[in-house]
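Please work from the sequences and hints to get the whole structure.
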Amino acid sequence: DQQVKQNSPSLSVQEGRISILNCDYTNSMFDYFLWYKKYPAEGPTFLISISSIKDKNEDGRFTVFLNKSAKHLSLHIVPSQPGDSAVYFCAASMVYYNQGGKLIFGQGTELSVKP
Amino acid sequence: EAQVTQNPRYLITVTGKKLTVTCSQNMNHEYMSWYRQDPGLGLRQIYYSMNVEVTDKGDVPEGYKVSRKEKRNFPLILESPSPNQTSLYFCASSLRVGGSGQFFGPGTRLTVL
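The listed protein sequences derive, respectively, from chains A and B. Per this note's numbering, numbering of the first sequence is gapless, rising by one per residue and ending at 115. Per this note's numbering, numbering of the second sequence is gapless, rising by one per residue and ending at 1113.
Everything labelled a hint here was simulated from the structure, so no lab data went into it. Remember, predicted model here, so these are calculated numbers, not experimental data. Note that beta-carbon positions come from the ideal geometry of N, C-alpha and C, so glycine has one too.
Computed from the model, here is a short list of chain B residues facing chain A with C-beta under 7 Å:
{"id": "1", "residue": "Gly-1042"}
{"id": "2", "residue": "Leu-1043"}
{"id": "3", "residue": "Gly-1101"}
{"id": "4", "residue": "Phe-1104"}
{"id": "5", "residue": "Gly-1105"}
Following this line, the structure appears as structure tokens:
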């Protein structure tokens, strides 16, 4: 039972355009969501997070949107750059329920940004 | 330099031969965690630790053990490895729970024959 799902295994975008990566979850108790980026042969790196009390969080070119009623979050990268080519994982946890230590990840989406 | 180190980076072993993958962080982080990455399944949490002597199960703890005797170290123990534990393993640490600012190690590629 996959509680966090990334239904698109891959995404290809032209340099300079917007990349939109999507993530769906099933557990309404999740209250904290994160995105990680992973290059080949490296460990994942934390990118951006959002608490369930917000619906948007921005950090430079990266914006995460949360739609709690749809149990959906998305990561927008604007403008996309070739260096953004990587696998992106979304993750969720239940910090308010004192289970912040437990992280559930999606399957990942491989983003390819073409010059 | 702030980092999470894992050893070994690559390991090929046989079924049933006990092994330990070490993880160490130099950032005085309280929270540490182990994950495995498998094609099509993403990252799955094995065990995590909120502090010294405090550990808890993640999503896929079967076949693994951990210990947290010191703040900086969080070894992953496979008492009797099996081929379905062939995977890419990552250790991570962070100052607080929730996943924000979690630093990951470079990964350990384990093959169990």
